[in-house]
Every structure is written in structure tokens, then in C-alpha cells.
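K.L.:
Sequence:
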Amino acid sequence: MPIDFFIQVNIIDIYYNNYIETQHYRSVLLSFFKFIFFAYIIVFINTEFNILCIKIKLMFLYQFYYSSDWSRYRMSEFLCSRYDNLGPYVPGEQPKDKQYIKLNANETSMLPSPNVMKVLKSSRMDRLGFYGDPDAIELRKALAERYDVDIDEVFVGNGSDAVLSVIFLAFFDDKEKIAFPDITYGFYRTFSKSFAIDAMEMPLKDDFTVDVDGYIESGRHIVLANPNAPTGYSIPVSEIERMLKSDSKRLVVIDEAYIDYDIENESCVPLIKKYKNLIVVHTMSKSRNLAGAHIGYCIADKALIEDLNEIDLCEKIKEFDVLLTAFIPINKKVLDCALNLKCISVNATGYGNIDVDEATKRNIAVCNVKEYCTKEVAEHTMALMLSMLRMLKHYGKEVDEGIWNYQSASEIERISGKTLAIFGFGRIGQAVAKRAKAFDINVITVDPYIPKEIPDSLGFTLVSKEQALKTADIISNHMNQTMENKSYFSFDEFKMMERKPYFLNIARGECVDEDALVMALDNGFIKGAALDVLREENPDLKNNILTKYENVYLTPHAAFYSKTSIKELQRISCENIICYMTKNYEKVFGIVNKGVCDR
Numbered sequence: 001m002p003i004d005f006f007i008q009v010n011i012i013d014i015y016y017n018n019y020i021e022t023q024h025y026r027s028v029l030l031s032f033f034k035f036i037f038f039a040y041i042i043v044f045i046n047t048e049f050n051i052l053c054i055k056i057k058l059m060f061l062y063q064f065y066y067s068s069d070w071s072r073y074r075m076s077e078f079l080c081s082r083y084d085n086l087g088p089y090v091p092g093e094q095p096k097d098k099q100y101i102k103l104n105a106n107e108t109s110m111l112p113s114p115n116v117m118k119v120l121k122s123s124r125m126d127r128l129g130f131y132g133d134p135d136a137i138e139l140r141k142a143l144a145e146r147y148d149v150d151i152d153e154v155f156v157g158n159g160s161d162a163v164l165s166v167i168f169l170a171f172f173d174d175k176e177k178i179a180f181p182d183i184t185y186g187f188y189r190t191f192s193k194s195f196a197i198d199a200m201e202m203p204l205k206d207d208f209t210v211d212v213d214g215y216i217e218s219g220r221h222i223v224l225a226n227p228n229a230p231t232g233y234s235i236p237v238s239e240i241e242r243m244l245k246s247d248s249k250r251l252v253v254i255d256e257a258y259i260d261y262d263i264e265n266e267s268c269v270p271l272i273k274k275y276k277n278l279i280v281v282h283t284m285s286k287s288r289n290l291a292g293a294h295i296g297y298c299i300a301d302k303a304l305i306e307d308l309n310e311i312d313l314c315e316k317i318k319e320f321d322v323l324l325t326a327f328i329p330i331n332k333k334v335l336d337c338a339l340n341l342k343c344i345s346v347n348a349t350g351y352g353n354i355d356v357d358e359a360t361k362r363n364i365a366v367c368n369v370k371e372y373c374t375k376e377v378a379e380h381t382m383a384l385m386l387s388m389l390r391m392l393k394h395y396g397k398e399v400d401e402g403i404w405n406y407q408s409a410s411e412i413e414r415i416s417g418k419t420l421a422i423f424g425f426g427r428i429g430q431a432v433a434k435r436a437k438a439f440d441i442n443v444i445t446v447d448p449y450i451p452k453e454i455p456d457s458l459g460f461t462l463v464s465k466e467q468a469l470k471t472a473d474i475i476s477n478h479m480n481q482t483m484e485n486k487s488y489f490s491f492d493e494f495k496m497m498e499r500k501p502y503f504l505n506i507a508r509g510e511c512v513d514e515d516a517l518v519m520a521l522d523n524g525f526i527k528g529a530a531l532d533v534l535r536e537e538n539p540d541l542k543n544n545i546l547t548k549y550e551n552v553y554l555t556p557h558a559a560f561y562s563k564t565s566i567k568e569l570q571r572i573s574c575e576n577i578i579c580y581m582t583k584n585y586e587k588v589f590g591i592v593n594k595g596v597c598d599r
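Mapping the sequence shown onto UniProt numbering, position 156 (from 1) lands on 156, and the numbers just tick up by one.
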């Protein structure tokens, strides 16, 4: 019986180049074929007659000659002349006959792994009508865990092409020059021409390997596909490390789209911890078999990822008149790119992520949602307060372990009669005070921005910061985030807490120095802490020491959330935009910089 072996041959991508030396078959291929082709090979081995027969079907997808005269391919008379020398992308012919298999796209007819299919099938279908998370938080968290890096060291884009595009745009130009192989992934050349980057195409060696010494001596930033496409040759990690060490000011971009095919070589991702000048790019297509998802990502030092996020945002908002955001930092550099921006609608109450002064200089209104979740936050505060004082976390843990003993929580105290100090007596602070009063809790408040008459009229007492810290049994923070109250609760504040209070932060994570909070817990300055927010908006819980304490209650910035509050938030954010853009300023729920309305 004959045995059939099916061998998939990856695309051979050959580019014409005038300066390549004319030698051997390499020159013949470049000079005469000038096309992309692939082969589907079926090898028949007849074990009975010991005969090897090779049948080759060649399917020529397209023939496209490289030329310096690209102007005839311009789509319209309006296309900028700077793109005259940019070769247009011509997709390969799609096979219609089922006897052919298309290999040049590196796709497969096989389904993704069973685990992937299981996740896809279990995904919530009711979310298909909504846009995905623009920050890709869940994906970045998963990737960070997969590669043992921090979430802030991961950048995600719509495919690796989109990621590479931002990298080229952010770091390279006519002064920050780059080098890449003359025979490699074609889009490196396309990006270089599109962004007017000074690019040197380095010839491969006679054996089609990369001349590492040549790249080091070039003095340029380096972009390499590893393994290289289409040659398939890989550069050892030790050689890449040699390039990284040669110049810390030289950026090295390693495109590992085909890394899974090279079982003898290792990924460069672990080098991220050692070198701040390395970016490693990956894709979910190719071996991961998720080409249709259009997911690409790169891993690099946090500073490089911050640059990519900023440049990516700058590119996205260039033409927009209105920006709707929640937590993304909008600073001077971003605003400099927003040439048409007229209004920023913050999808939240706080607006500390917006440089309001810079926005005002540009006559850009900053609108926020002053009131939409006051009841939810006040209820969440009381829930955490009661849970902490009644030690519900302790009881819950014991019950889960099969222990039924109410006396194990011997430190529980009566809540009635305790003194609660509320820092920040705005809408939320006042709502918490009213609910605490129903539990017979004495309420004092600290807020330098309100007159004494406001708490007096509600039956509460305005006191100094020092008095509150010394006399409170419970302290709850509800201050807005400003530069003035960054790390407001520091070592000094916790040391002043004479009554060893319970501490709650339901406002902003940066109001609390987390190192000081850990010190306060370890030294018994406070009895416990309930935190709805942490210093990082997307914390690494796996490595956060606060998760180890039984007397620390954590919730994922959820105090604002309910179905009702989310609908209110969305409605008000959109109405702010409509009213401001139609100049119905009096109907805008909240304009932070009202002076722009008079200009």
C-alpha cells in the first residue's frame, strides 16, 4: 500500500532589487521570475517497489514586476506625491478550484485548538452588539501572565501589522535611521516609505543568513523577522543579545511571527527584563491559527509601551471633533495632535486624567458627569464598612473550610456609637454621612473647600485633618483626585491615627501611599482596610501584597456600578456632547472649564 505524505511549503517571497549581486541561482530567481509563488508537493512513497515519485503542482498566484514608475497605479489625482514611489499592495489571486490549497497567507483549514474553541463558544453572545475594551485589559493581563511580564509591558493592536505600523511611526524617521534585510517581510519597506524613514536594506549573506556584524556596524536601529520570512533562517538569541549590548541607544525590533515554527530557537521575550531597547512583536495568526481575529501585540519595557500608547492615541484622534473617554491620559502632547478637537466628554465624575489647562488654552471644553452613581457609591461604602467591622471575610473563609464557630471573630465591636471621619464632603460624602447616621454612627468631616454651614445644616461637624485622624474610629476617603491630595494618606497620617481606626478608600487610588498603608497594617496603626481602588487602575493582584491580608477587603473599582448607574452615565456623557456642540451650554450637566463657552 502506498503511503502519502503531504508537505506544506511556506510562501517563497522574492523581491527584485537592483543592487543585489548577480550570482548563482539567486540572481536567476530575482532577475527572471520576479513573482511570488508556492508549491504544493505530494510525495508518494511506494514501499513495495521502493520507488520515489514526486508530483509538483505549481499555482502561480500573480506576477507583479517592481518598477520605479508607480504613478500609473495611483488611485486618484488627489493622492499625495510622497506616495509616488510606494508600491501598491496587490493581493494574490484567490483559488476557486478546490484542488488547490492557498499557502501564501499561511492560513490553515484546521480549527483552532479545542481549548480556544471552548472559550469562543462560551463567550457571552449578548456582548456582540458592544465594542470591545479599547485598552484590551483582559487580553493584556492574560498575555502578561503568559510571558511573565507586567501588564504595562504589553501593547495590543489589530494584527501585528498595526503594531509594527505604530512602532515605525513612533521611533523611526529620517534621523532615527533603521536597517532590515533586503529579503524579508515586505511591509517593513512599505512602512519606511509611508513614514519617510531613512531605511537601509541590508543584503543577506550568501547562505541567506543575516549579517549580524553588519547591523552592529551600521549604527542604525534594527528591525528583523526571526525566523526570517521567506528564508526561514533564525538568528540565535545570543546574537540578538550581542546587537542589544552593542549600543543601548539602538532600538532592536524582533518580529517573531514565525517563532513557533522554529523548535530549535527561543523567543527573545525573556530579554525584555534585561534590555530597555528591545521590542518583541507577536501575532495570533500563523501557528496560533486565529488570523481572522486580527490580533497582534508586542512586549517591551514600560517606557516604550507608554510611547506606543501615546502615539497610537495621537494618530487616532487627529481628525476628531469630540473625544469621549474615561481614564486615558490626555496630556499636552496628545492635545497637540488633536487639531480639530472641540470637546472632551469624560465618561466619569473625576477628570484628573485630562490636562484641563492645556485644553482650555486650545479652547477645548472638558465636560464631566457630576452625578450618576452617588447612591451606588454610598451603598458600597456602607457595605464594605459593615463587612469589615463584622469580619464577614473571616467568617466566610471559615465556613468554606467547614468551621462553624462564631467565637473565632472575638474582635468584633458594636458599630453604633463609633466616630466616622469622612474626607471629602461632596455629594458622595454627604450620602455616606446620611446612611451612617441611620446606624447611629457619629459623623465628622474634613473638607477645606466647603463652608462650615453645609455640614452644620445636615447635623454633622466640620473638623481639621489632625482632629479627624486622632479621634476617628473609622476613616473613609471620598476626595476627588488632584495634585494636592496625591499620597494624601502617607506614613505621617497613619501614625497620627491614635484610635487604630478602620480605613476605607472609595475615591481614587493615588490618594493613598500603598507602602505606607502596608506599614500601617503591619504595625497595627489601623485595624483593617477596605479598598475599592488601588494605585494602579489594573493592578497585578497576583503579586500585590494587599491580597495576603485577611483584614483587607478589596473590590475592583466597582462602587459606582449598577445597571441603573451605567445607563445614567452613558446618557449624560452623550447629552453633554450634543448640548455643547449645539451651543446649548446651559443644558450641559458639567463643564469643568466654563470659560471656553464665552470665547
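Just so you know, these hints were derived from the structure itself, not from any lab. The model shown is predicted, which means the values in this text are computed figures rather than measured ones. Treat the hints with care, as some may be off.
Claimed, not checked - Computed list of lysine-lysine pairs in BS3-like fashion (alpha-carbon distance at most 25 Å, straight line):
| hint | residue 1 | residue 2 |
| --- | --- | --- |
| 1 | Lys542 | Lys500 |
| 2 | Lys370 | Lys393 |
| 3 | Lys332 | Lys316 |
| 4 | Lys370 | Lys587 |
| 5 | Lys273 | Lys542 |
| 6 | Lys542 | Lys276 |
| 7 | Lys434 | Lys370 |
| 8 | Lys342 | Lys316 |
| 9 | Lys249 | Lys273 |
| 10 | Lys141 | Lys245 |
| 11 | Lys141 | Lys177 |
| 12 | Lys177 | Lys96 |
| 13 | Lys121 | Lys96 |
| 14 | Lys594 | Lys563 |
| 15 | Lys486 | Lys333 |
| 16 | Lys500 | Lys393 |
| 17 | Lys361 | Lys594 |
| 18 | Lys375 | Lys567 |
| 19 | Lys563 | Lys434 |
| 20 | Lys465 | Lys434 |
| 21 | Lys370 | Lys486 |
| 22 | Lys302 | Lys486 |
Said to hold, decoys possible - Simulated restraints, written as ranges between beta carbons of each label pair:
| hint | residue 1 | residue 2 | range |
| --- | --- | --- | --- |
| 23 | Ser416 | Tyr449 | 16 to 24 Å |
| 24 | Asn331 | Ala409 | 44 to 52 Å |
| 25 | Tyr449 | Glu568 | 19 to 27 Å |
| 26 | Glu145 | Asp198 | 56 to 64 Å |
| 27 | Lys437 | Arg362 | 19 to 27 Å |
| 28 | Cys597 | Pro448 | 25 to 33 Å |
| 29 | Ser113 | Asp515 | 37 to 45 Å |
| 30 | Lys141 | Lys375 | 26 to 34 Å |
| 31 | Asp148 | Gly417 | 44 to 52 Å |
| 32 | Asn115 | Val399 | 52 to 60 Å |
Here a beta-carbon is modelled for each residue, glycine too, at the ideal position from N, C-alpha and C.
K.L.:
Now tell me, hint by hint, if it's right for this structure.
P.N.:
Consistency of the hints with the structure:
The straight-line distance between the Cα atoms of Lys542 and Lys500 is roughly 28 Å, outside the 25 Å bound, and the hint therefore fails. Of the pairs offered as hints, the one joining Lys370 and Lys393 is violated, with about 33 Å between alpha carbons and a cut-off of 25 Å exceeded. The suggested pairing of Lys332 with Lys316 holds, with an alpha-carbon distance near 16 Å, which does not exceed 25 Å. Annotation: proposed proximity of Lys370 to Lys587 holds, straight-line Cα distance about 13 Å (limit 25 Å).
At most 25 Å may separate the alpha-carbon atoms for a hinted pair to count; Lys273 and Lys542 meet this at roughly 19 Å. Simply put, Lys542 and Lys276 have alpha-carbon atoms about 24 Å apart, close enough for the 25 Å limit, and the pair holds. As the CA atoms of Lys434 and Lys370 are separated by approximately 19 Å, the hinted pair is consistent with the 25 Å bound. A distance of roughly 15 Å separates the Cα atoms of Lys342 and Lys316; the hinted pair therefore holds under the 25 Å criterion.
For the hint pairing Lys249 with Lys273, the CA-to-CA distance comes to about 16 Å; that is within 25 Å, so the pair holds. Only pairs whose Cα atoms come within 25 Å are accepted, and Lys141 paired with Lys245 is rejected, the gap being roughly 29 Å. For a cut-off of 25 Å, the pair hint linking Lys141 to Lys177 is broken: about 33 Å separates their Cα positions. The hinted pair formed by Lys177 and Lys96 fails the criterion: a straight-line CA distance of about 43 Å is larger than 25 Å.
Taking the CA atoms of Lys121 and Lys96, the gap is near 30 Å; set against the 25 Å cutoff, the hint is violated. At roughly 31 Å between alpha-carbon atoms, Lys594 and Lys563 are farther apart than 25 Å, so this suggested pair is violated. Restraint check: the Cα-Cα separation between Lys486 and Lys333 comes to about 23 Å, which is no more than 25 Å; the hinted pair holds. As the CA atoms of Lys500 and Lys393 are separated by approximately 20 Å, the hinted pair is consistent with the 25 Å bound.
Note on Lys361 and Lys594: the hinted pairing holds, with a Cα-Cα distance of about 12 Å set against a maximum of 25 Å. Note on Lys375 and Lys567: the hinted pairing holds, with a Cα-Cα distance of about 14 Å set against a maximum of 25 Å. Between the alpha carbons of Lys563 and Lys434 the distance comes to roughly 23 Å, so the proposed pair stays at or under 25 Å and holds. About 21 Å separates the Cα atoms of Lys465 and Lys434, which keeps this hinted pair within 25 Å; it holds.
For the suggested pair Lys370 and Lys486, the alpha carbons sit about 21 Å apart, so the restraint of at most 25 Å is met. The suggested pairing of Lys302 with Lys486 holds, with an alpha-carbon distance near 22 Å, which does not exceed 25 Å. Distance hint check for Ser416 and Tyr449: the Cβ-Cβ separation is about 31 Å, which falls outside the suggested range of 16 to 24 Å. Our hint of 44 to 52 Å for Asn331 and Ala409 holds, since their Cβ atoms are close to 48 Å apart.
At roughly 25 Å, the beta carbons of Tyr449 and Glu568 sit within the given window of 19 to 27 Å. At roughly 39 Å, the beta carbons of Glu145 and Asp198 sit outside the given window of 56 to 64 Å. Hint check: Lys437 to Arg362, Cβ distance near 45 Å, so the stated range 19 to 27 Å is violated. The hint said 25 to 33 Å for the Cβ distance between Cys597 and Pro448, and at roughly 28 Å that hint holds.
The hinted window of 37 to 45 Å between Ser113 and Asp515 holds, with their beta carbons roughly 42 Å apart. Here the CB-CB span from Lys141 to Lys375 is close to 30 Å, well matched to the stated 26 to 34 Å. Distance hint check for Asp148 and Gly417: the Cβ-Cβ separation is about 50 Å, which falls inside the suggested range of 44 to 52 Å. At about 33 Å, the beta-carbon gap between Asn115 and Val399 misses the expected band of 52 to 60 Å.
When held up to the earlier numbered hints, the structure conflicts with 1, 2, 10, 11, 12, 13, 14, 23, 26, 27, 32 and fits the remainder.
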